[in-house]
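Novice: Keeping the supplied structure of chain H fixed, place chain F upon it in accordance with the hints.
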Amino acid sequence: MALRDIKARIDSTKKTMQITKAMEMVSAAKLNRAEQNAKSFGPYVEKIQEVVGSIASGSSNSKHSMLLTRPVKKTGYFVVTADRGLAGAYNSNILRHVYRTIQQRHKSPDEYALIVIGKVGVNFFKSRKMSILDSITGVADQPSFAEIKAIASKAVSLYADGTFDELYMYYNHFVSAIQSDLTEKKLLPLTDIAATKSKSSYEYEPSEDEILEVLLPQYAESLIYGALLDAKAAEHASRMTAMRNATDNANELIGQLTLSYNRERQAAITQEITEIVGGVAALE
Amino acid sequence: MKTIQVSVVTPDGPVFEGNAKMVSAKAKSGELGVLPGHIPLVAPLTISAVRVHDVDGKTQYVAVSGGFIEVRPEKVTILAEAAEVADDIEVDRARAAKERAEKRLAGNKQDNVDSIRAEYALKRAINRIDVAAKR
Chain H
1 MALRDIKARI DSTKKTMQIT KAMEMVSAAK LNRAEQNAKS FGPYVEKIQE VVGSIASGSS
61 NSKHSMLLTR PVKKTGYFVV TADRGLAGAY NSNILRHVYR TIQQRHKSPD EYALIVIGKV
121 GVNFFKSRKM SILDSITGVA DQPSFAEIKA IASKAVSLYA DGTFDELYMY YNHFVSAIQS
181 DLTEKKLLPL TDIAATKSKS SYEYEPSEDE ILEVLLPQYA ESLIYGALLD AKAAEHASRM
241 TAMRNATDNA NELIGQLTLS YNRERQAAIT QEITEIVGGV AALE
Chain F
285 MKTIQVSVVT PDGPVFEGNA KMVSAKAKSG ELGVLPGHIP LVAPLTISAV RVHDVDGKTQ
345 YVAVSGGFIE VRPEKVTILA EAAEVADDIE VDRARAAKER AEKRLAGNKQ DNVDSIRAEY
405 ALKRAINRID VAAKR
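Respectively, the protein sequence lines represent chains H and F. Mapping the first sequence onto our numbering, position 198 (from 1) lands on 198, and the numbers just tick up by one. To convert, take the position in the second sequence, counting from 1, and add 284; that gives our numbering.
The shape of chain H in the complex, shown without the other chains (with noise of 0.2 angstroms):
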């Protein structure tokens, strides 16, 4: 390679290199806010929680349907991704699961719907002619409830009026900086309710049934928003960590080129010497 080639790669790699070095450190700070919102959200799914627990241990007779198991024609999957790539195997990994699990589940296109957030989901399954029931794009990086909160009672509904008679929601879990689980999740019917052992038998203002009304369905937008923050929160983690991976291999990339430019440059210089000390010898 010519020396100028090698100087113009080095260049490049270098601007390149700033690029990625910035948006590791954007994405750090995200993360971070994403983070908080986590926390900040836990206390009220927890008391949720603690109030639909309480109800389910306290009578195991109400017949919410968001509760009871029916026979499944009809599955819903909720899938999370992010809006942008950029993010490492973020994006591609909950894709090929969802679509490897509806593949060996489901025979005909009648037999599933799909709820998708994000550009990147959306795309995929689009390419792939399958039809997405409900999606929204463009989620901020620090989504509020309000604007989560459309699509969830949108899923939360199509469930009570029949359209699907059950919801697996799939997404990231953020486990730290450097891993985040793939995690598929049963949202609906509602079984999972750990019947806790609360202090307080409360009193109901009605009644149970008419409690559970109001409370299953905000529940259930709750443990959405819940998977949105959580899966926000893995994307800012890839994203950096894929971006902090191109940072170092644009370092090394540097380093190798600076090398061979040293070398190149220095055969060069030899060659003139030879050539000068020749011409040299040759007038003598």
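Since the hints were made in silico from the structure, they are not lab data. Please read all numbers here as calculations on a predicted model, not as lab measurements. Just to be clear, a hint being listed does not mean it is correct.
[What the hints assert, rightly or not] Listed next, the in silico SDA-like pairs over lysine to any residue satisfying Cα-Cα at most 25 angstroms (straight line):
1. H:LYS154 <-> F:GLY391
2. H:LYS30 <-> H:THR241
3. F:LYS312 <-> F:GLY391
4. H:LYS149 <-> H:TYR168
5. H:LYS154 <-> F:LYS359
6. F:LYS310 <-> H:PRO217
7. F:LYS359 <-> H:ALA140
8. H:LYS47 <-> F:ALA417
9. F:LYS286 <-> H:LYS154
10. H:LYS119 <-> H:GLU213
11. H:LYS149 <-> F:ASN303
12. H:LYS14 <-> H:GLU213
13. H:LYS47 <-> F:LYS382
14. F:LYS382 <-> F:TYR404
15. H:LYS39 <-> H:ASP83
16. H:LYS47 <-> F:ARG384
17. H:LYS39 <-> F:PHE300
18. H:LYS39 <-> F:ASN303
19. H:LYS154 <-> F:LYS407
20. H:LYS149 <-> F:LYS387
21. F:LYS312 <-> H:THR241
22. F:LYS312 <-> H:MET66
23. F:LYS312 <-> H:LYS30
[Said to hold, decoys possible] Listing some non-contacts, in silico: residues in chain H with all C-beta distances to chain F over 12 angstroms:
24. ILE6
25. ILE48
26. PRO71
27. ARG84
28. VAL120
29. PHE145
30. ILE148
31. GLU213
32. VAL214
We put the CB at the ideal spot given by N, CA and C, even for glycine.
Specialist: Coordinates of chain F only, in the frame set by chain H:
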């Protein structure tokens, strides 16, 4: 004087924390007043104002968009999908939301999901304007 701890929690975080000598709220079955030492109770709320009467005799208003109230002898927790303390309400935004909802309601007369949603939005906006007027 005996007081009761009050907290209003939304998915976006706690909105209000404090102590009170009495809390009144509007449940679906009617007005509800809670004093310290109340028996444990759970009740769904309407879109309304929760009034927190604090120890100094002042009253704080919190606009809630439904949700429910959980009462224990020493603590009241209100869980709503959205809630705002009167001082934090942006009246202009609430007015704009009210107009939007009214327009949408006027636009379609059929009894479908959209108009139900618009009606709720209208109720919430009116509630926020009312509560803001009390600060």
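Novice: A separate judgement is required for each hint: does it hold in the structure or not?
Specialist: Verification of the supplied hints:
no., hint, verdict
1, H:LYS154 <-> F:GLY391, "holds (22 angstroms)"
2, H:LYS30 <-> H:THR241, "holds (13 angstroms)"
3, F:LYS312 <-> F:GLY391, "violated (29 angstroms)"
4, H:LYS149 <-> H:TYR168, "holds (18 angstroms)"
5, H:LYS154 <-> F:LYS359, "violated (33 angstroms)"
6, F:LYS310 <-> H:PRO217, "holds (20 angstroms)"
7, F:LYS359 <-> H:ALA140, "violated (34 angstroms)"
8, H:LYS47 <-> F:ALA417, "violated (31 angstroms)"
9, F:LYS286 <-> H:LYS154, "violated (44 angstroms)"
10, H:LYS119 <-> H:GLU213, "violated (33 angstroms)"
11, H:LYS149 <-> F:ASN303, "violated (30 angstroms)"
12, H:LYS14 <-> H:GLU213, "violated (59 angstroms)"
13, H:LYS47 <-> F:LYS382, "violated (31 angstroms)"
14, F:LYS382 <-> F:TYR404, "holds (10 angstroms)"
15, H:LYS39 <-> H:ASP83, "holds (23 angstroms)"
16, H:LYS47 <-> F:ARG384, "violated (33 angstroms)"
17, H:LYS39 <-> F:PHE300, "holds (17 angstroms)"
18, H:LYS39 <-> F:ASN303, "holds (23 angstroms)"
19, H:LYS154 <-> F:LYS407, "holds (20 angstroms)"
20, H:LYS149 <-> F:LYS387, "holds (22 angstroms)"
21, F:LYS312 <-> H:THR241, "violated (49 angstroms)"
22, F:LYS312 <-> H:MET66, "holds (21 angstroms)"
23, F:LYS312 <-> H:LYS30, "violated (40 angstroms)"
24, ILE6, "holds (53 angstroms)"
25, ILE48, "violated (6 angstroms)"
26, PRO71, "holds (26 angstroms)"
27, ARG84, "holds (24 angstroms)"
28, VAL120, "holds (25 angstroms)"
29, PHE145, "violated (4 angstroms)"
30, ILE148, "violated (9 angstroms)"
31, GLU213, "violated (8 angstroms)"
32, VAL214, "violated (4 angstroms)"
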